[in-house]
Amino acid sequence: MKKMNVRVQRFDPGQDEKPHFQTYLVEVNEGARVLHVLHAVHDEIDPTLSYRWCCGSGQCGSCAVRVNGEPVLACMEEARDAMTIEPLKLPVKKDLVVDLEPALDALSHIEPTGSAAMPTREEVELIKPLRSCIGCLACVSVCPAMDVTSFAGPTAMRQDFRLALDPRDTKDRVTEAVSKGLFTCTSCQACWKVCPKDIQIPGKAIEKLRSLANKKGLTLPRHQEVAKMVRETGRSVSRTEPTFMEQVGEVIEPHGPVKATVGFFVGCMYNQRLPQTALDAIEVLRRNGIRVIIPKEQVCCGSPLIRTGQLDFLDTLKRRNIDAFAFRNIDTVLTMCAGCGSTLKHDYRTPFRVMDINELLTRYGIEPPARLPLKATYHDPCHLLRGQGIRDLPRELITQVVNLVEMPSVCCGSGGGVRSGVPEEAAALAEKRREEIEKTGADIVISSCPFCEFHIMEHTDRPVKNVTTLLLEGYREKDRKKAENTV
Amino acid sequence: MYVYYPPYNKMRSADVLDCHVLVIGSGGAGVRAAIEASGYGETILVSKTLTGKGGCTTMAEGGYNAVLREQDSCEIHFEDTMKGGAYLNDPELVRILVDEAPMRIRDLLQWGAVFDVTDCCEVAQRPFGGQRFPRTCYAGDRTGHEMMATLVERLAGAGVEVMNEVTALDLLKDGDRVVGAVGLDEKSELLAIRADSTVLATGGGTRIYDISTNSSSGTGDGFAIGYRAGAELIDMEMVQFHPTGAVYPYDARGRLITEAVRGEGGILKNSLGERFMSRYDPERMELSTRDVVSRAIATEILEGRCTAHGGVFLDVTHLPGQQIEEKLPVMLEQFLKFGVDIREEPMEVAPTAHHMMGGLRITPKCETTVIGLFACGEVAGGVHGANRLGGNALADTQVFGKRAGESAGKAKKKRGRIDKRALDAQETRLSAFFDGEVPPSTVARSLRTAMWEGAGIFRTARELEKTLGVITHLSSLPVKAAGRSNLAECCILQNMLTTASLVVKGALIRKESRGAHVRKDVTQTWDPQTSPYGHSYQSLTRTGIETVVKA
Ligand SMILES: Cc1cc2nc3c(=O)[nH]c(=O)nc-3n(C[C@H](O)[C@H](O)[C@H](O)COP(=O)(O)OP(=O)(O)OC[C@H]3O[C@@H](n4cnc5c(N)ncnc54)[C@H](O)[C@@H]3O)c2cc1C
Ligand code: SF4
Ligand code: SF4
Ligand code: FES
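Quick mapping for you: the protein sequence lines, in order, are chains A and B.
Sequence positions in the first sequence follow the working numbering and run -19 to 467.
Sequence positions in the second sequence follow the working numbering and run -9 to 541.
The set of hints was computed from the structure by calculation and includes no laboratory data.
Just so we're clear, the structure is a prediction, and the values are computed from it rather than from any experiment.
No residue lacks a Cβ here, since even glycine has one placed at the ideal position from N, Cα and C.
Check each hint, because a few of them may be wrong.
From the derived model, a few chain A residues whose C-beta atoms are all more than 10 Å from chain B [said to hold, decoys possible]:
| id | residue |
| --- | --- |
| 1 | T342 |
| 2 | L352 |
| 3 | I424 |
Okay, derived cross-link-like pairs now, PhoX-like style, lysine-lysine, Cα gap no bigger than 25 Å in a straight line [stated by the list, open to error]:
| id | chain 1 | residue 1 | chain 2 | residue 2 |
| --- | --- | --- | --- | --- |
| 4 | A | K160 | A | K412 |
| 5 | A | K73 | B | K470 |
| 6 | A | K108 | A | K195 |
| 7 | A | K184 | B | K327 |
| 8 | B | K355 | A | K73 |
| 9 | B | K327 | A | K(-17) |
| 10 | A | K69 | B | K177 |
| 11 | A | K195 | A | K208 |
| 12 | A | K355 | A | K458 |
| 13 | A | K69 | A | K195 |
| 14 | B | K177 | B | K410 |
| 15 | A | K160 | A | K108 |
| 16 | B | K177 | A | K(-2) |
| 17 | A | K325 | A | K239 |
| 18 | A | K173 | B | K327 |
| 19 | A | K151 | A | K173 |
| 20 | B | K327 | A | K(-18) |
| 21 | A | K419 | A | K355 |
| 22 | A | K208 | A | K298 |
| 23 | A | K(-2) | A | K(-18) |
| 24 | B | K495 | B | K510 |
| 25 | A | K108 | B | K327 |
| 26 | B | K355 | B | K403 |
Produce the entire structure from the sequences given, and follow the hints as far as they go.
In structure tokens:
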């Protein structure tokens, strides 16, 4: 037996004005789950604690709660001392019990042809992973799009795609999904990351539905424009000034000895819209011994097409990009756009290794910058945090320059084609970011993705900077101090 | 004198709803019944959990038995089931089960169920214990979940009024006839539903045991509710102990390790590394019937050849990793969560209370012995005899769920009235809990331990009598509701006590070893086929055991 202190959110709408926390000291056995801690509270201390459970083995989806902020199944998650247990972010009925019915009732149900003929084995294999949903609604509880716009949500999209795949269903699920908000998903991946059944809804359902929608001519006009532009120019955004690649040579040597050589995949946003940020990054790389090769024939990675389901031109883009680096025998390709990085890592099969700039800099180590007297907050780019699993590395870099105040990691609204396709939703999400930024009291906002930086810039009065720009400012300050001292 | 009125003492007078068919329980049987009944008139489905999430159907992993291939036959399925059930089954019900299981799986397929298929687009089947043909249809190891997902989708299209998190407390009667039920809704308010016919589909009750596979709802409510309403129950002593329950982590002990693990080729070994099944059933080995495998494991454990956590090993490490990943994904995932990679190391298992073979006596039309009351699924008795074959219960839910829904639907409309006094009596019963003293969880814990120790796999009259004494004592304790939200819990505890006493009394009545029921204190000269006994039966008015005159 072992003892644990746990904090549990309590709320009885019949009696309490607002939720409050209660701390309990319980005794459980080795290997106990969160559910067993709740049983212990209920059985030994306070029988009025309400929580839902049924199967006790991860099969029914009754018991999802948040433990230290993260949605988990109480029956499967190992209990930890000092944990905080809260209900999912859904309407609370009592204590840890939330209202699951509206979202579950909103799921489409099959309208059968009446034939019992089974789908083929291939079809079954496609449907099966989507079928393992246990309706716990962890995904719904974290979906940022559902907060600001009318969207049926991740598991509803999963269900629509499952039905679209099934020859026994008679309805047009693609058109239905579009009307339920198919194009409002920002590809933030939050739903997938919390899903206890690891159902990759954005990639395996939403993007697939979007490509079916494309075949039906239902792609949003703004997304069609982007695709047209990629086809015609190789880029997904227009240029507003001389591009990054026009301003640099093909090989950039570092200031000191060479620690590593990498190919640089620039990406449309840094090349066309934010070239100065890319130039800042180059300066930081030079200072830290990284030799950079920039094949000029590289084009858009295709992410804007994949996320919006327009796949016709994709193979051409992939081939051109892979060739550009492979011909030069480059074994490591550097990305500094989170979206490009995630796309190259997951949607490509590359003969080279792909590394995000935060990985590269922390791997080879950086010259210490000077500290700046600023308070910063960091916005986690979805495609870096969830897309590439990179959370701590940018923080390691940032805290070498400034003090960091955390805010919750939530999508800013710029991804998944939402900024172009559903601008009012993108703005509403960025507005929520602004509020969070303000709560931190930070002087500046740091991020590591051009889409996020560009988008958040429009919605906050604080400066928004890339991690590398911040490092560069640290170096400039260091140089300035050094110059002062030598004078 | 100062009188303290707890804030909840005053119940608001109960709402009364009205319908043609009331179905209690939203597992496989209840939902199937509701879908069928909705074709005949207004149907209400209540359950104490969320529909689709509650009950044991969602948890069923291994599969659904149905004769689908030319090489197989219903006759063989019938014989396997009767033999597995130690010939205590009702042959007529078994005949219906095996004949209709294929049609009912076809319904599910028509409604979109995604079972595993072969390369020729036929439903795939795997071998299960005690069957001479691999006839267990499956969806990986989440078969029950697949069925529930399909049924709930169908239900959504059927126009049934679904009331979630309503706990049925008792049936309401007008004279001899059941005319609906009274329950507590999700806010713990009293609720009455008048119905022309009522279907009990509340599932099983092995949570009366310390170690059990059942979901939170498997507390035997239906047995107790039916008993109190005057229905006759049969073979309540027939409790199936599944051979392979998890032993670690301790708080999750009893969690089912599906028979599909052995179906896919898993082998059992004791701590000495011996494949001990060769001593107990050399022919069928690991795929012997559950009663035999459970006793084998229990014996190995009792005789000290057990693992550190008190179980035996169940090993699939010799199987290809891909087979494990595809056919046993839930098992793999659950064990990984608990720190064991079953592709690399063996599982540790021990028997766990799993299934109630006994239950309300039903006719082929699912009529109980009380007019107006129907039963289907695990709460009904007679189909599985003294031991259920793996894969037959899911089939049972569909075959008899449909039959119950149909019979209830076809019953005449508008026949009974609710007696207000019955509702007042419920209110009085509930208010008393506020003055109670012992928390229901404390009583439940004592009950579970007593049942595991005294009415488990091996039984004697002495132990059973002692257990009955404990149950009687526990039943006399004043149970306490700390708040309104605890009222249902208190009532459920009383149901557990009633169900437990039915099990123990049944076990005392049956003075023979048969199927899952082993009386160590009885020496017998007969085998199941020549047994002089038939069903044991218990109701408010009579208790006993049928004797069979053998030709
Ligand atoms: C872990 C596990 C695995 C299994 N695997 C298999 C298998 O592979 N193959 C097989 O054939 N069988 C299997 N079984 C057995 C089979 O799943 C059950 O016998 C069957 O599903 C029971 O179905 P049911 O509809 O009768 O009851 P359940 O599915 O248990 O549903 C009971 C319903 O009644 C409700 N209820 C209960 N009491 C009340 C009340 N007082 N008021 C309102 N509602 C109430 C519950 O909320 C629930 O909705 C398994 C059982 C378990 C526990
Ligand atoms: S990817 Fe993000 S926006 Fe899209 S459905 Fe999932 S959580 Fe919602
Ligand atoms: S998709 Fe995953 S997270 Fe969402 S409801 Fe289903 S199981 Fe839960
Ligand atoms: S209780 Fe069923 S998933 Fe946790």
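So, going through the hints one by one against the coordinates:
At the 10 Å boundary, the C-beta of T342(A) stays outside the reach of chain B, the nearest C-beta of that chain being 30 Å off. At roughly 44 Å, the least C-beta separation between L352(A) and chain B is larger than 10 Å, which holds for a residue marked as non-interface. Consistency note on I424(A): stated as away from chain B, and its beta-carbon is indeed over 10 Å from all of that chain's, at 41 Å minimum. For the proposed pair K160(A) and K412(A), the alpha carbon gap of about 23 Å is at most 25 Å, so the pair holds.
For the hint pairing K73(A) with K470(B), the CA-to-CA distance comes to about 23 Å; that is within 25 Å, so the pair holds. The straight-line distance between the Cα atoms of K108(A) and K195(A) is roughly 24 Å, inside the 25 Å bound, and the hint therefore holds. Restraint check for K184(A) and K327(B): the C-alpha separation of about 24 Å stays at or below 25 Å, so the hint holds. This hinted pair does not check out: K355(B) and K73(A) have alpha carbons roughly 40 Å apart, beyond 25 Å.
Under the criterion of a C-alpha separation no larger than 25 Å, the hint pairing K327(B) with K(-17)(A) is consistent with the structure, at around 22 Å. Under the criterion of a C-alpha separation no larger than 25 Å, the hint pairing K69(A) with K177(B) is consistent with the structure, at around 21 Å. Our distance criterion of 25 Å between C-alpha atoms is met by K195(A) and K208(A), whose separation comes to about 16 Å. A distance of roughly 18 Å separates the Cα atoms of K355(A) and K458(A); the hinted pair therefore holds under the 25 Å criterion.
With a CA separation close to 36 Å, the supplied pair K69(A) and K195(A) exceeds the 25 Å bound. For the given pair, K177(B) sits about 21 Å from K410(B) by alpha-carbon distance, which is consistent with the 25 Å threshold. A threshold of 25 Å between alpha carbons decides the hint, and for K160(A) with K108(A) the separation of about 23 Å falls inside it, so the pair holds. Under the criterion of a C-alpha separation no larger than 25 Å, the hint pairing K177(B) with K(-2)(A) is consistent with the structure, at around 18 Å.
About 23 Å separates the Cα atoms of K325(A) and K239(A), which keeps this hinted pair within 25 Å; it holds. A hinted pair counts as satisfied when its Cα atoms are at most 25 Å apart, and K173(A) with K327(B) qualifies at roughly 16 Å. For a cut-off of 25 Å, the pair hint linking K151(A) to K173(A) is broken: about 30 Å separates their Cα positions. Restraint check for K327(B) and K(-18)(A): the C-alpha separation of about 20 Å stays at or below 25 Å, so the hint holds.
At most 25 Å may separate the alpha-carbon atoms for a hinted pair to count; K419(A) and K355(A) meet this at roughly 12 Å. Of the pairs offered as hints, the one joining K208(A) and K298(A) holds, with about 17 Å between alpha carbons and a cut-off of 25 Å not exceeded. A distance of roughly 32 Å separates the Cα atoms of K(-2)(A) and K(-18)(A); the hinted pair therefore is violated under the 25 Å criterion. Of the pairs offered as hints, the one joining K495(B) and K510(B) holds, with about 16 Å between alpha carbons and a cut-off of 25 Å not exceeded.
For the proposed pair K108(A) and K327(B), the alpha carbon gap of about 21 Å is at most 25 Å, so the pair holds. At roughly 18 Å between alpha-carbon atoms, K355(B) and K403(B) fall within 25 Å of each other, so this suggested pair holds.
In this structure, the earlier hints numbered 8, 13, 19, 23 are contradicted, and the remaining ones agree with it.
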